[in-house]
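Those protein sequences? They're chains H and E, same order as listed.
Going by this note's numbering, the first residue of the first sequence is number 174, and it counts up by one from there.
Going by this note's numbering, the first residue of the second sequence is number 2, and it counts up by one from there.
What the hints contain is simulated information worked out from the structure, not anything from laboratory work.
All values reported here derive from a predicted model rather than from experimental measurement.
Wrong hints could be hidden among the right ones.
To be verified - Partial pick of chain E residues on the chain H-facing surface, computed with a CB cut under 10 Å:
no. : residue
1   : 243
2   : 411
3   : 441
4   : 453
Unchecked claim - Covered stretches of chain E, as calculated for chain H (at least 3 residues, CB under 8 Å):
no. : region
5   : 42–53
6   : 164–175
7   : 182–192
8   : 334–344
9   : 379–388
10  : 397–405
Claimed, not checked - Some chain E residues near chain H, calculated using beta-carbon distances under 10 Å:
no. : residue
11  : 3
12  : 7
13  : 10
14  : 179
15  : 199
16  : 202
17  : 203
18  : 218
19  : 445
C-beta: ideal position from N, C-alpha, C; glycine also.
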Amino acid sequence: MKLSPVAAKAAFSAALAVVGVAAAIGGWAYGALQENGQIGAGFLPMVLGVALAALAIVDVVQTLTGREPVDPAEELTGVEAEAEAAAIDTVAEAPDTDALGRTQRQRNRMFVMVIGMLFVALLLVPVLGLLLSLGALIVAISTIVERRRILPSLLVSVIAVGIIHLVFAVLLGVPMPTGLIGFI
Amino acid sequence: MIDNLILGFQTALTLENVLWCFVGVLLGTVIGLLPGLGSTTGVAVLLPITFTLEPVTALIMLAGIYYGAQYGGTITSVLISTPGEAASVVTTLDGYQMATRGRAGAALAISAIGSFIAAIISLALLIALAPPLADVALQFGPVEMFAIMILGLVIVVTFQGGAFVRGAMMAVAGLLVATVGISPGTSEERFTFGNINLLSGIPFVEVMIGLFALGEVLYQIRMGAAKPIRARFKDMVITRKDVTSSMPAILRGSGIGFGLGILPGAGSTLASFMAYGIERRVSRNRAQFGKGAIEGVASPESANNAAANANFVPTLALGIPGGATTAVLLGAFTIFGLQPGPLLFETQPDLVWGLLVSFFIGNVLLLVLNLPLAPVFAQMLRIPYGYLYPIIMLTSLVGAYSVSNNMFSVWLVFVFGLLGYLLKEFDLPSAPFVLGLVLGPLFEKSLVQTSAIGQGDLTVVFRSPIALTVFALAVAAVVLPKVVAMLRSRRRRTKVDAS
């Protein structure tokens, strides 16, 4: 099932409302007031949780009823809409395609792949170490997602990891996790 | 004052500080022009590198990144109509139009000159205003500080964050995230779920890196790339007519920028919009606005630079940041064991004045760098983003790790990176979230102290005349845009009826 942009926006705000309710309940459990009547550990989380839930519900309603509120900067100056229109003009020739000729569908796929690869790279840190994992991530993104040639991608990765190693590990003395391999 | 300035020059003009200032403004320019990077990201990502420096040197460099990025952001606005910073959005209107007419160089040159003049004017005002404001702020107790923080949050919600409800939602979410960890009032654990990494709260630098660096990268991947317009050295020639016709716009922009920038919570974005809006009404060349008027570049660019400097007035004098980047800088102060606020002027005069004077040096360096070299910087836009963003990810994640030498930080960046992407995708402003997160601990501390002063009665805040005045300003900040918009639409309707 695919959510429309409006439904997705409303769903995100609804999720924030749930977080707000959970925070309010948590705050209540921590105790809103102390015995001497002064505010307790749970006071602020409770108040903020209620406020977050209320605001998020208002946003859900506004989003679903199509009452998109106006930006105050635009209200005051009336120039925001024009600026946005000017910014959009650069890709107006083919709204779905970017300067590299990639469609929105392709970019969506790239987006998911990058998140997945980053997640895997972080899981591999205990084995490869932080720098090697992220170096491999650069090569993987450049070659698989961006479809660049392997040699330049390897070169970029080695140079970038080398500079980062020099700055953080050598100059700043940060003890990098080297993983099971124990290289850098 | 003179003694303080001399002290400032003595501090800022050491070889080490000038060098780091140069590094800061150079990196700032590059960061400002690269797609997906802005001053907030730059300061957050490079903050860990400064941990081994002296606090004053580190802050000089980080501040250099901040105002350097204002210059760099203009380059992308003019050449690819993609503002590197929200504050440069308005510049796309006339800057990009100038570029399409072969006047990209003139647009970049006038923005560098305008930014420089605005920076110098605002710096003089900053030096004149911040110390007396700090003196006044010394009289403030927890009640007044609580009121000022509310004002800061209200202003950031109103003017930096798009729609009010969404801005308020984000400010509240930021404050809520800041409650994770030990409660300042009762020392109880909250929302830590047994994780010792959360005892001292959600670390701020990692959140910033996640929201602004990784979040932005993910957003850019989905947005796709734009094609830059080439700017050449010979185009950098700017005529005397360009300068003279832009001068009133630069001066007006500087004044508007400074006036708005000193409000806690109001940043350079509103200043640039306001300056452009006013210039479009009063300029002699107003008919050309939107079609490539040089005043349409000079005015917002001067305003956003003036506001960037003015942001330091509330940051230094009150400890309330003016925007997202000054919020990160505020976090940097606390990492270096400094508490920004009125006492800083008394306890660390060399640091405060050294930092202020470094703005002057930094802006001179930026003018020298940007006037002839903008086309060289513009070449960086030709680096394929496909190579660039994995490197941004590498730098961000290693930078986050180095904050506390802990993989927990790296995973936090991942989580907040996804959140940062979602915020952008759903038009939820991040500046109020950041301000809420940064002010959260101080906000709760003031609240606890206020509760203690009133012995549980929080209405004590309404008994302080200063706090009441500040609350009145907060109400005005919410109501004013509505009133102005109503008046404008009424005037427009009257005009239509008359014609």
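Structure-based check of each hint:
The interface hint given for residue 243/E is violated, since its Cβ lies 21 Å from the closest Cβ of chain H, which is over the 10 Å cut-off. With 10 Å as the threshold, the beta carbon of residue 411/E comes within range of chain H, its nearest partner Cβ sitting at about 6 Å, so the hint holds. Taking 10 Å as the C-beta cut-off, the interface hint given for residue 441/E holds, the closest approach to chain H being about 9 Å. A distance limit of 10 Å between C-beta atoms decides the matter here; for residue 453/E the minimum to chain H is near 6 Å, and the interface restraint holds.
Against chain H, the region 42–53 of chain E contributes 4 residues with a C-beta closer than 8 Å to a partner C-beta. That satisfies the three-residue criterion, and the hint holds. With 8 residues bearing a CB less than 8 Å from a CB of chain H, the region 164–175 of chain E meets the requirement of three and the coverage assertion stands. Counting residues of the region 182–192 of chain E whose beta carbon lies closer than 8 Å to any beta carbon of chain H gives 6, which meets the minimum of three for the stated coverage. Coverage of a stretch by a chain is defined here by at least three residues with a beta carbon nearer than 8 Å to that chain's beta carbons; for the region 334–344 of chain E and chain H the count is 0, and the condition is violated.
Coverage of the region 379–388 of chain E by chain H holds [criterion: at least 3 residues with CB-CB distance below 8 Å; count 3]. Restraint check on the region 397–405 of chain E versus chain H: 5 residues with Cβ-Cβ distances below 8 Å, three needed, restraint holds. Here the hint on residue 3/E is broken, as its CB sits about 39 Å from the closest CB of chain H, past 10 Å. At its closest, the beta carbon of residue 7/E sits 34 Å from a beta carbon of chain H; the interface hint therefore is violated under the 10 Å criterion.
The interface hint given for residue 10/E is violated, since its Cβ lies 29 Å from the closest Cβ of chain H, which is over the 10 Å cut-off. With a cut of 10 Å, the hint placing residue 179/E at the interface with chain H holds, because the nearest CB-to-CB distance is about 9 Å. With a cut of 10 Å, the hint placing residue 199/E at the interface with chain H is violated, because the nearest CB-to-CB distance is about 13 Å. A distance limit of 10 Å between C-beta atoms decides the matter here; for residue 202/E the minimum to chain H is near 13 Å, and the interface restraint is violated.
A cut of 10 Å between beta carbons decides the hint on residue 203/E: the least distance to chain H is about 13 Å, and the hint is violated. Checking residue 218/E against chain H by beta carbon gives a least distance of about 8 Å; that is within 10 Å, so the hint holds. Interface restraint check for residue 445/E: the shortest CB-CB distance to chain H comes to about 5 Å, inside 10 Å, so the restraint holds.
In the structure shown, a violation is registered for the earlier hints numbered 1, 8, 11, 12, 13, 15, 16 and 17, in ascending order.
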